[in-house]
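With the sequences and hints as input, model every part of the structure.
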Amino acid sequence: MMRISFNTLFKPLINNEGISGRLFALGIIPALVFIPEATALNILTCEPEWKALAEQIAPHSKIYSATSALQDPHHIEARPGLIAKMRNADLAICSGADLEAGWLPLLQMKSANARIQNGKDGMFYAAEQIDTIGKLKNVNPTMGDVHPEGNPHFHLDPYRLMTVANALAERMAKIDPNHGESYRKNIKQFDEQWQKNIRKWEQEAKPLKGMQVVAYHTSFEYLFQWLGISMVGDLEPKPGLPPSGKHLSRLLKLAKNTRVDAVVYASYQDKSGAEWLSKQIGVPAIKLPMSINGNANDNNKSQTLTQLYDDLIDKLLKAAKSNG
Amino acid sequence: MLQQQLHREQTAVNNRCITKTALSLAVFLGYLSTSHAIDFDPNYSLILDGHYKSEKSALSEMDKGFGLGHVELSISSPIDDLFFGKLTAVLHTHDSKTEVEAEEAFIQTLALPGGLSARAGRFLSDFGYLNSQHTHADSFTERPAVYRALLGSHYFDDGVRVSYLMPTDIYWNIGAEAFSGKKMRADNIKDPDSVGVYNFFTKIGGDFNHEHSWQIGFNYLRNENGTSPWSRPAEFHAHNLHHKHHDEEEHHHHDHHEHNDDEEHHHDSHHEHHEKEHHHKQHGESLQHSDGNHNHHSNHHHGHDHHHCHKASYTGKDLYGVEAVWKWAPEGNYKYRHLSLSAEYLQARNITDNKTIKSSDDKHDGWYLSSVYQFAPQWATGIRYGEFNGLKFEDDHHHKHSLQETELMLSWSHSHFSTIRLQWTHQKGKGLEHINDNIITLQYVMSLGAHDAHQF
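In order, the protein sequence lines correspond to chains D and F.
Numbering of the first sequence is given in full-length UniProt numbering, commencing with residue 1 and proceeding in unit increments.
Numbering of the second sequence is given in full-length UniProt numbering, commencing with residue 1 and proceeding in unit increments.
Please note: incorrect hints may appear among the correct ones.
Simulated crosslink set (DSSO-like; lysine-lysine; CA at most 27 Å straight-line) [unchecked claim]:
no.	chain 1	residue 1	chain 2	residue 2
1	D	Lys279	D	Lys200
2	D	Lys120	F	Lys86
3	D	Lys271	D	Lys246
4	F	Lys335	D	Lys315
5	D	Lys279	D	Lys196
6	F	Lys428	F	Lys56
7	D	Lys246	F	Lys335
8	D	Lys287	D	Lys315
9	F	Lys335	D	Lys135
10	D	Lys271	F	Lys335
11	D	Lys301	D	Lys200
12	D	Lys287	F	Lys335
13	D	Lys238	F	Lys335
14	F	Lys392	F	Lys358
15	D	Lys287	D	Lys206
16	D	Lys301	F	Lys335
17	F	Lys335	D	Lys279
FYI, nobody ran anything at the bench for these hints, they're computed from the structure.
Small disclaimer: the values here were computed from a predicted structure and weren't measured.
As structure tokens, then:
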């Protein structure tokens, strides 16, 4: 009875779910249909940058990103769809440093998948491979939404990204030794290309040195440090709190005494405060893609990690230029 | 002296619906301080919850005036690579008495193969949509009327759960639970089964796209001790002949009832009054013997103010539930705006073995529809409508109880650790105490420490 109503209600949906969905609709118990996968690994990533990275190293894997660049990864629902994805994952790749504290533990527990529990080879935390900046020894709740384990948005530092990428390739080779050769070959290629890119980007971004911006707390801290941009004002009164009117007027006062070249916000952040401030100061407000496909309107611009970095630098350069 | 103290504590403890908790908490904390566990780095969280309520309301655990809600302290941690453990101790305050009870104390497997997981100890049942969620994650000050009536607000119990997550692209979980069922027992139940409750559930869910997600669920809960006996337990009557006579009288009286066969009559307050008078006159002398029974009466009339042990006040042998949830967030970004719609319908059948109840009447049921819209990072508003219809049995007659409840909520969260909520509740209905037109509740819910992940 339940099956009948389920099928009639959700038939269109099931048909979108691909082969297993259709088998399900036919009433074949999916548990019995373990089709051997031609793909190497079944991977769930917490953020789209890790999906892009995994695609470089393991192009034949089935990879799904739990979030997009338009979502704040701090505030994700542990949705049924994500639990189902986690259930079948051989490998989960997440930033860590508590970025996903509000939802990842629930996905791990509810997915009942022994492979991706903490401490298992199938759970890869990028933050454990590198040193984060902004680590805090004494955190108290009045400080807002801070990460004692440091800033988790390190994917915008190309050097740290490279370290993570190498560690990830090793991890993939460990859990899937049959394809170990291919992972090592791919990471070598990616590494060489990435080194070249870093040199190119550092050349291009020279004019950005000394640029002064107002931005949301820690989102672009790694990028700014790398490129020599200094953040002179924070749109958030406290980490995690939206910009209040009072806080914005304080920033406006600050802009009278300090040079501000641009107001920067990320693809998933609220633009209203940033835009108001940029108009008042008379400098551009730039929306930067936080990750892959972070440009809602020109999607083809940041589809790979290389394109993402190109795009970030390009947008910052434009803003710097427009200020003469 | 010490023994006396111990004895007193033991008695006090035994009088509660949840036993041993204060003691076991102390033992647990003692264990923590003396243990030599390596790398024991658990998550601690403390929820502070308090309110001011303008009026009493029907089927409510919250008293008028200032009060504390679900103040809870919880400790959780993986135990090793196979087990996870959690303890949640809850503070209840009512009538100037404060009690500590363990609402959760369970272990859960982390590494069973093939999507299987098991949980044992005391935990929130997976019956329905809201029940397994922590009350501090709720959008309204109290659970819907149908939950308060049929599940004792939120049903947690001692038992085991086994669940299996299908390896499908669509989320599909099936599970079974077995519980002691003490909190789901019908009043005056004779010789209860020690494993009283079996719950079978399935939840199916997925994403329509990155903005829309859904979940539906079907539940069947078998409650071996859920059927109200027609007559009171034998112990009550065994004392003397008076009681036997009394019993016969009641039968007789009941027949008289049936002659009238007037439903209104069943819950007519005049009638009820008359009933009690009759009872008193007839058994004036034996009244002392039937003290328990008498208490039952008075409990029934003021009962809900004292139901702090979350006992279900309406039970049945079979409890069915269906649930549906839909959530939407623009671009899937829940931080700035999101909307959630949820609805549940619950029905209890085989509620009494009183054969004079028409089979179409032999049920309690209720539902709610709730919509919550978070329209800014710090602001949310919500509306919920819910109904409950149930039968309450006294010795030889029953009352129809019904409640319709409309709630409007506005909440402000400074950060996701602190929420202040204003709620207006409008109640209509009959047969229940404290049905109130307008109830205003102002509530705060604050969490300290580890941020609990919230379920879908």
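Hint check:
Our distance criterion of 27 Å between C-alpha atoms is broken by Lys279 (chain D) and Lys200 (chain D), whose separation comes to about 33 Å. A C-alpha spacing of about 21 Å is found between Lys120 (chain D) and Lys86 (chain F), which places the hinted pair at or below 27 Å, so the restraint holds. With a C-alpha separation of about 17 Å, the suggested pair Lys271 (chain D) and Lys246 (chain D) falls inside the 27 Å cut-off, and the hint holds. For the suggested pair Lys335 (chain F) and Lys315 (chain D), the alpha carbons sit about 25 Å apart, so the restraint of at most 27 Å is met.
The suggested pairing of Lys279 (chain D) with Lys196 (chain D) is violated, with an alpha-carbon distance near 38 Å, which exceeds 27 Å. Distance check on the hinted pair: Lys428 (chain F) and Lys56 (chain F) sit about 13 Å apart at the alpha-carbon level, within 27 Å; holds. In summary, the hint linking Lys246 (chain D) to Lys335 (chain F) is supported, as the alpha carbons are separated by about 21 Å, within the 27 Å threshold. Annotation: proposed proximity of Lys287 (chain D) to Lys315 (chain D) holds, straight-line Cα distance about 8 Å (limit 27 Å).
For the hint pairing Lys335 (chain F) with Lys135 (chain D), the CA-to-CA distance comes to about 24 Å; that is within 27 Å, so the pair holds. Of the pairs offered as hints, the one joining Lys271 (chain D) and Lys335 (chain F) holds, with about 13 Å between alpha carbons and a cut-off of 27 Å not exceeded. Taking the CA atoms of Lys301 (chain D) and Lys200 (chain D), the gap is about 18 Å. The hint holds against a cut of 27 Å. In summary, the hint linking Lys287 (chain D) to Lys335 (chain F) is supported, as the alpha carbons are separated by about 17 Å, within the 27 Å threshold.
Annotation: proposed proximity of Lys238 (chain D) to Lys335 (chain F) holds, straight-line Cα distance about 16 Å (limit 27 Å). Proposed proximity of Lys392 (chain F) and Lys358 (chain F) is supported: the alpha carbons are some 14 Å apart, at most 27 Å. Of the pairs offered as hints, the one joining Lys287 (chain D) and Lys206 (chain D) holds, with about 21 Å between alpha carbons and a cut-off of 27 Å not exceeded. Taking the CA atoms of Lys301 (chain D) and Lys335 (chain F), the gap is near 25 Å; set against the 27 Å cutoff, the hint holds.
Between Lys335 (chain F) and Lys279 (chain D) the CA atoms are separated by roughly 25 Å; this keeps the pair inside 27 Å, and the hint holds.
Checked against the numbered hints given earlier, the structure breaks hints 1, 5 and satisfies all the rest.
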